[in-house]
Amino acid sequence: MSSIITLTLPGDPLFTEVARQTTTSVASLLTGENHSASDETQFVHDFELAISEAFTNSVKYAGEHDTPPTVTLTFELEKRRLTVSLLDANGPFSIDTPAPDIESYPENGYGLWIIRRVMDSVTYRREGNSNIISMSKTL
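Going left to right, the sequence shown walks through residues 12 to 150 as our numbering numbers them.
There may be inaccurate statements among the hints.
Stated by the list, open to error - Using C-beta positions, here's what the derived DEER-type ranges look like:
{"#": "1", "residue 1": "48", "residue 2": "89", "range": "36 to 46 Å"}
{"#": "2", "residue 1": "134", "residue 2": "17", "range": "12 to 22 Å"}
{"#": "3", "residue 1": "47", "residue 2": "78", "range": "44 to 54 Å"}
{"#": "4", "residue 1": "81", "residue 2": "106", "range": "39 to 49 Å"}
{"#": "5", "residue 1": "124", "residue 2": "89", "range": "23 to 33 Å"}
No lab work stands behind these hints: they were computed from the structure.
Where is the CB? At the ideal position from N, CA and C, for every residue including glycine.
Given the sequences, and given the hints that come with them, work out the whole structure.
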C-alpha cells in the first residue's frame, strides 16, 4: 500500500525551509522499522538535501513574476521507498548536466549533481508547460 501527500508552496525562497521540514517529516515516517539509526539519519538527510537543492533551483530559475509561481511537492510513500516529485512551470532543462569542475571552484552547478549523488533514482519529464523532477530512495 502506498500513501500520497501533495503540498503546493509559493515559489519564493522564504518557503525553502517549509519544503525541507515537510520532507524531513515525511521521510521520517519510513524510519523505525529494523533499520540502523545511522541508515535512517542518512536517509532523512539525503532527502533534506535533495529537496533543498531542487526547491532552490526551481525558485532561482522561475524568473520575474508579479506573483510568485507555485512549486508542488508530491510525496509517495511505499513500504521502504520514498519518491518526491517537484513540479514547477519554469522553462525546460536537462538533468544530464555534467558534474561541476570542482577544481575551478564554481559558484553554481552543484544542485543537480548533489541530487543525483544522494538519490537512488532521479528522473525528469516535461508535461505541457511543467517540469517534473522525481527523486527516489529506498531505506
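We went through each hint and held it up to the structure:
Range check, residue 48 to residue 89: about 22 Å between beta-carbon atoms, so the 36 to 46 Å window is missed. Between residue 134 and residue 17, the C-beta spacing of about 18 Å keeps the proposed range 12 to 22 Å intact. At roughly 45 Å, the beta carbons of residue 47 and residue 78 sit within the given window of 44 to 54 Å. At roughly 21 Å, the beta carbons of residue 81 and residue 106 sit outside the given window of 39 to 49 Å.
Residue 124 and residue 89 have their C-beta atoms about 26 Å apart, which keeps the hinted 23 to 33 Å range intact.
When the structure is compared with the earlier hints, violations turn up for hints 1 and 4 and for no others.
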